[in-house]
Amino acid sequence: MSMARYQNVFDNLKKRGEAAFIPFAIAGDPNPDAFIDVVTAYVKGGADVLEIGYPFSDPVADGPVNQRASQRAIRAGFDHHTFFTLIKKVRMFTDIPIGLLAYANTINHLGSDTFCKKAASVGIDSILVADMPPEESHELGKSMRKYGIGRVFIVSEFTPDERMRYICGFIDSFIYVVSRPGTTGVDATLSTSVKTTLARLKKITDKPAAVGFGISTPEHVREVARAGADGIIVGSALVTEIEKSAQRGVSPYNILKKKVNLLKAETILK
Amino acid sequence: MAKSKKGYFGRFGGTFAPETLMPALREADEAFGRFRTEAHWQAEYRRLLESYCGRPTALYEAVNLSRRLTDGRARIFFKREDLNHTGAHKITNALGQALLARFMGKERLIAETGAGQHGVATATAAALLGMDCDIFMGTVDMERQKPNVFRMHLLGARVIPVDSGGKTLKDAVNEAMRDWTRTVANTHYAFGSALGPHPFPMIVREFQSVIGKECRAQIKKAAGRLPDEVIACVGGGSNAIGIFSAFVKDKGVKLTGVEAGGEGLRGTKHAVRLTMSPHTKPGILHGAYSYVLQDKAGQIADTHSVSAGLDYSGVGPEHAHLFESGRAGYTYATDKEAVAAFKILCETEGIIPALESSHAIAYIIKQAPKLVDGSVVVVNLSGRGDKDIDSVAKFMGNIF
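Residue numbers (this note's numbering), protein chains in the order written: chain Y, 292 to 561; chain W, 3 to 402.
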């Protein structure tokens, strides 16, 4: 089910000469109701895939923007029930793939099997655990296969070819390529290494590759799409808008929809 | 989680790290394996431990304390880690990891610090070996450990204030890990405790195991036999694992870890991970599967202790294993008990202990009436308390 959802999207876009545009948000940020507005704006703006982060108190792979987003969601009273209810609501108005980005403690807290069962039932298509490399994913991997959830892992410029091959062996939805070392966040310029990393990866696998970390402007999106990425993930640049709107007490809907629309346009190469 | 595979202690430990760190963790693991067998580097490490740190540290029989607590019925020994250069056991690991970093060709050291002792130790090792050094420290800890912040500056390190979360040790580790994902190419992360993803719990244990080795030989000489009990405070757990490691196989030696009971177990203002409470549960924090204080939604809980070095939500994975296997017992002392123990040691022995170590002393004070005649106990006096005098003064002002 889930793997098919990804495959359809990536195949169709490829035929049209497009890369998938994948906006990211932290679930429940800045509060459960406003989060639904955020995702609606993403979908209406033209998102091809959604990437949703499970808020965590100690997100070591995230920069300050996403950390603050997690804190806002947690302060608004986030728990497992809130999460699954929100995703269920999202699933009611869109059929595009939904990827989850979580930290290992969140899944362990509920138990791999329970977590995956609930995730599958609300319509989550893939899970990437930021602090769980393939070596530690045996138990979770079993549950994910059991419930038909796609596995996603990260590769970076530090990943040697041999390890890329090893990691790709675990992947059945898409590969998350981080554009540069470090944590999530907005950069002024795009790392030059992303092209070499993508080129190395493409020699190893034909599985779809989505690039994330540090991508914030239409120029970045175009450049990464041209470099052969099958998907482009934009997080902090959008989450910053959610933060600004929350501070001003206004809905982020219009600005997010406009921004996603603008960024999505750059993924169309033909 | 698979059992006892590489990087595991029983079912605890592992390598729960972002992929960007995996090549560096593998490199450190592999390099440490070679470092241990390279005679030249080992000789250099031993030379520094002896002539720079002042090892072996003394084993001191606290006759006055034993008279006061047990009328001299029991023999209480202190392993004097407070006599190390920079004032705590931390330098033993910091020097080892700095040498390991040099061995790997890295030029920069980063570290987290809570009480500031590991930060000072790392800054010291970096100064000695001519390396760049950045220390991450929560702003709450910077406030309560001001002298150590200044010490680090004097030693040429940058102290990077961490203002996220509870602004203590946990948050400092987060920030150090984030830095490391950017800088792994030229930087070694010298974890200060037996925490983090594999290979760190093993590396730190190995470097700190010298405490136990020395102590085992010293107590045999001083008491003519092995001790009945070895006691150490447990934050992340490096001083405890260091001294326990030499006695784990001696089934007759009771091993006791003392955690920070803070304001007691009724609320959440404590750092007790290995005594059953509604908030502790096996989980994943900072790269390892171990016991972790967390709330009902799986968010990591903030902790409280009068002692910055014990104020941490997780605990080294080997302690989780020693706890579950029953080989070591774990208990706690409250802020109040630790401060009282601090005062007693000052008055009876003329030793100002670290507030961390005072938790282990508080335990022996509580246990004293139960000690059988002629028993021999060793308390690891992990550090000296000069850094804590402001905290103690403030605490006594509030309480008395």
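Honestly, I wouldn't trust all of these hints.
Unchecked claim - In silico lysine to aspartate or glutamate, DMTMM-like type, Cα no more than 25 Å apart, as pairs:
1) W/Lys-283 / Y/Asp-328
2) W/Lys-372 / W/Glu-63
3) W/Lys-215 / W/Asp-73
4) W/Lys-7 / Y/Glu-426
To be verified - Here are some chain Y residues pointing at chain W (derived, C-beta under 7 Å):
5) Thr-397
6) Ala-537
7) Gly-540
Worth flagging that the hints you see were computed from the coordinates, not collected in a lab. Built from N, CA and C at the ideal position, the CB exists for glycine as well.
Taking the closest Cβ pair, is Y/Thr-397 under 7 Å from chain W?
Y/Thr-397 check passes; min Cβ-Cβ to chain W is 5 Å, inside 7 Å.
Is the Cα-Cα distance between W/Lys-7 and Y/Glu-426 25 Å or less?
Measuring from Cα to Cα gives roughly 11 Å; hence the hint holds.
Take a quick look at whether W/Lys-215 and W/Asp-73 sit within 25 Å of each other, Cα to Cα.
30 Å, violated
Next item in the hint list is Y/Gly-540. Is there a CB on chain W closer than 7 Å to its CB?
Since chain W brings no Cβ nearer than about 24 Å to Y/Gly-540, farther than 7 Å, the hint is violated.
Interface restraint verdict for Y/Ala-537 against chain W (beta-carbon cut-off 7 Å)
18 Å, violated
Does W/Lys-372 pair with W/Glu-63 here, judged by a C-alpha cut-off of 25 Å?
OK: W/Lys-372 and W/Glu-63 at ~19 Å, within 25 Å.
When you check the alpha-carbon spacing of W/Lys-283 and Y/Asp-328, does it fall within 25 Å?
35 Å, violated
The structure shown violates the earlier hints numbered 1, 3, 6 and 7.
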